[in-house]
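Participant: Protein sequence lines correspond, in order, to chains W and X.
To convert, note that position 69 of the first sequence is 68 in numbering that gives the first Met the number 0; the numbers rise steadily by one, no gaps.
To convert, note that position 135 of the second sequence is 134 in numbering that gives the first Met the number 0; the numbers rise steadily by one, no gaps.
Where hints are given, some of them may not hold.
[As the list claims (entries may be wrong)] A few chain W residues facing chain X, derived, Cβ under 7 angstroms:
| # | residue |
| --- | --- |
| 1 | Y25 |
| 2 | A88 |
| 3 | L130 |
| 4 | D134 |
| 5 | N135 |
| 6 | S138 |
| 7 | T232 |
By construction, these hints were calculated from the structure, which means they are not laboratory data.
Backbone N, C-alpha and C define an ideal beta-carbon position, used for all residues, glycine too.
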Amino acid sequence: MIRRRSLYAALVFAALALLAPALPPYPLTLLTQALIFGILAMSLDVLLGYTGLPSLGQAAYFGAAAYAVALLATERQVGLVGCAVAGIALATVTAAVFGVIAIRATGTYFLMITLALGMVVWGLAFRWVSLTKGDNGVSGVPRPELGALDLTPPLPFFYFALVVAALAWTLLGLLVISPFGLGLKGIRGSESRMQALGYNVWLHKYVAFVLSGTFAGVAGVLWAYYNGFVGPTDVQLVTSVEALLMVALGGPGTLVGPAIGAGLIVFLKNFVSVYTKRWLLILGAVYIGVILFAPQGIVGAMRGRRR
Amino acid sequence: MAHRLLARVALVLVAAALVAPAPAAAQTGPIKIGLLSPLSGGASAIGKDMLNGAELYLDEIGRQVAGRKIELIVEDTEGVTATALTKARKLVDQDRVAILTGALLASTGYALHPFVDAAKIPATYPVMSSDDLTQRKPAKWVVRTGWNSSQAVHPFGEWVAKKLKYKKIVTVGFDYAFGWETVGGFQRTFEESGGQIIQKIWTPLNTTDFSPFIAQIRRDADAVFVVFFGRGSLQFVKQYSDSGLKAKIALLGNGTTTDESVLPQMGDEALGVYTALHYSAALDNPQNVKFAKAFEAKAGKVPSYYAETNYTNARWIVEAIKAINGKVEDREAFLAALKKVELKEFPRGPVVIDRWGNPIQNVYIRKVERVGGKLQNTVILTYPQVSQFWRYNPEEFLKAPLYTRDYPPCKFC
């Protein structure tokens with residue numbers, strides 16, 4: 000089952016890799032964007048889908064990493080490896096600190112605390128002008144070089160994002176089928192039973208929270224390079240909510256679902272808006288449709304039907 | 000189960016690749032102009048004026064130049080830098096526009112120029128007034144057809160100190176590049192003429208309630224100088240008047256604060272406010288009278304500076320296309336032509352481009368008055384041919400840092 004799923008996923012990644020050179024630059028950049036948000040949505044799925052913790056602050060780690068990369072790359076001319084390490088480390092540390100505060104809560108309270116913590120990061124991005132340049136944002140982040148390979152053109156950068164996304168998918172996939180991941184699923188099912196069985200529930204949740212932040216940081220690193228600009232909009236609530244919607248749309252607890260949800264939202268946002276100024280209305284209709292007809296998300300509904 | 004799903008994903012991807020448009024045929028097809036405009040959000044009134052201004056000129060020439068059709072492709076930026084970047088990418092990569100233009104925020108200007116320079120796509124900035132793009136960090140592929148942030152407030156600061164004889168002024172402005180550069184320019188000339196800035200207050204771009212900021216204003220000030228636009232202007236001027244402060248401490252603003260994009264929605268609260276800008280709908284020259292009449296017929300309202308600058312910008316682009324006989328595919332030649340456009344008769348007055356790519360143009364000191372039942376920016380003084388460097392020596396001016404939140408420092412705070 001799992002082996003077959005990985006095989007097909009590998010095929011999809013291979014298909015994407017083969018297809019890419021034939022694509023015009025714009026769909027290619029959108030596909031890159033979809034991959035980046037796919038990583039963000041998958042990182043959130045570890046929390047929401049597998050552990051049952053709905054976080055409204057995922058943009059904080061995404062944004063912290065993006066700011067770290069943008070500032071180091073523009074002001075200190077740090078290369079790809081240094082920026083990536085710093086970005087992911089900052090996201091992880093942020094998540095490690097926030098986790099201590101947030102993990103004690105569950106349900107709506109968890110939602111509210113992660114929301115508040117996310118707003119703290121947004122506030123810093125917005126008001127700590129001497130560091131973050133405030134509303135101006137940090138612009139002119141150059142695309143990096145990977146050894147001798149220049150990642151500036153859309154195609155190499157797409158491959159770079161594809162490899163990182165495949166890696167992230169593999170690692171997260173291994174995580175959720177590991178005993179640790181099964182423990183998380185158990186916590187989602189019944190926290191008290193897991194406690195009675197002798198599991199350290201707090202530690203499981205905390206580690207999941209920090210790892211989720213780490214992978215959100217990976218997405219943030221890619222985003223800073225992809226967009227060349229990082230501003231307060233990247234860490235604001237809307238970005239967190241969008242990540243949550245991607246997971247809900249694709250199917251929480253499926254890993255591949257949130258990635259598909261991310262792709263769907265990126266394409267809806269950018270393609271539908273070409274044809275109508277009312278694209279938000281269409282996006283809204285899609286959400287309502289999914290909630291009414293596929294409350295488990297697109298992938299969830301497909302798996303459910305075949306059961 | 001999963002494989003079917005994945006197979007479907009692959010299918011969708013292939014389909015997406017097939018429907019994606021092939022590169023447009025060069026030379027014979029229409030010339031595409033990509034316009035970024037904040038058509039939704041807090042600056043949507045500005046966005047509509049920008050679009051109407053550009054369309055007005057293109058319609059006047061029948062959307063045709065040098066034997067080729069002109070196609071205007073409009074994208075909504077929501078007044079957000081990140082969205083503007085995404086849409087710019089779409090216009091260049093998907094629509095393959097020959098030229099990129101429009102957009103609102105000075106901060107967007109800074110974020111967009113690395114993309115423009117990397118894509119080597121000719122771009123004009125009719126609105127984005129980011130000082131440094133024609134000063135310390137000149138952008139090769141950007142031609143400014145509008146103005147820069149501190150241009151109009153340099154003369155204004157001196158005028159306020161010498162003519163209005165205000166000694167102590169508090170500044171309140173949007174907390175980003177445009178606010179910083181405008182307040183900085185005003186502070187420099189105002190203080191050099193003997194005035195004192197005694198407090199600087201910064202408000203976030205998305206502020207909707209200004210009362211906490213108004214409450215902070217020092218009551219020993221002679222006047223308040225504000226930098227706002229769009230919804231922020233409407234809200235601040237109203238709340239300032241409602242607070243009762245306007246009767247005690249005079250209100251001064253940069254040009255966009257009482258710009259005609261918001262003036263028709265204002266009431267008596269705006270009366271008597273002095274501002275400075277390189278345009279006013281009330282300008283009495285033949286070009287502007289003709290333009291204002293045509294614009295009112297199209298849009299049903301008086302033209303704002305945003306409308307004028309996009310009208311002028313469209314004309315500018317068309318003149319450049321004429322000069323190269325419609326061969327916009329030669330981007331270097333197109334860019335060179337854009338930089339060489341020489342037109343004397345604009346609604347805003349005569350314009351010459353300086354060595355750094357910024358217009359030298361008239362700056363008008365304006366006062367909001369009610370004429371024939373409607374508010375207008377009455378021009379009370381014209382500073383002819385003001386450069387971005389004012390009366391300073393350009394080389395020395397460029398040695399000083401860019402105006403920011405903390406520069407010039409607030410010596411009298």
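Participant: None of the hints should be skipped; say for each whether it holds.
Facilitator: Against the structure, the hints come out as follows:
At a threshold of 7 angstroms, the smallest CB-CB gap from Y25(W) to chain X is about 4 angstroms, leaving the interface hint in force. Of the supplied interface hints, the one on A88(W) is violated, with its beta-carbon coming no nearer than about 24 angstroms to a beta-carbon of chain X, more than 7 angstroms. The beta carbon of L130(W) is not positioned within 7 angstroms of any beta carbon in chain X (closest approach about 12 angstroms), and the interface hint is therefore violated. With a cut of 7 angstroms, the hint placing D134(W) at the interface with chain X holds, because the nearest CB-to-CB distance is about 4 angstroms.
With its C-beta approaching chain X no nearer than about 4 angstroms, N135(W) sits inside the 7 angstroms limit, and its interface hint holds. Interface restraint check: S138(W) against chain X, minimum CB-CB distance 4 angstroms, threshold 7 angstroms, status holds. For the restraint placing T232(W) at the interface with chain X, the shortest Cβ-Cβ distance is roughly 5 angstroms, inside the 7 angstroms limit, so the hint holds.
Hints 2 and 3 from the earlier list are contradicted by this structure; the remaining hints agree with it.
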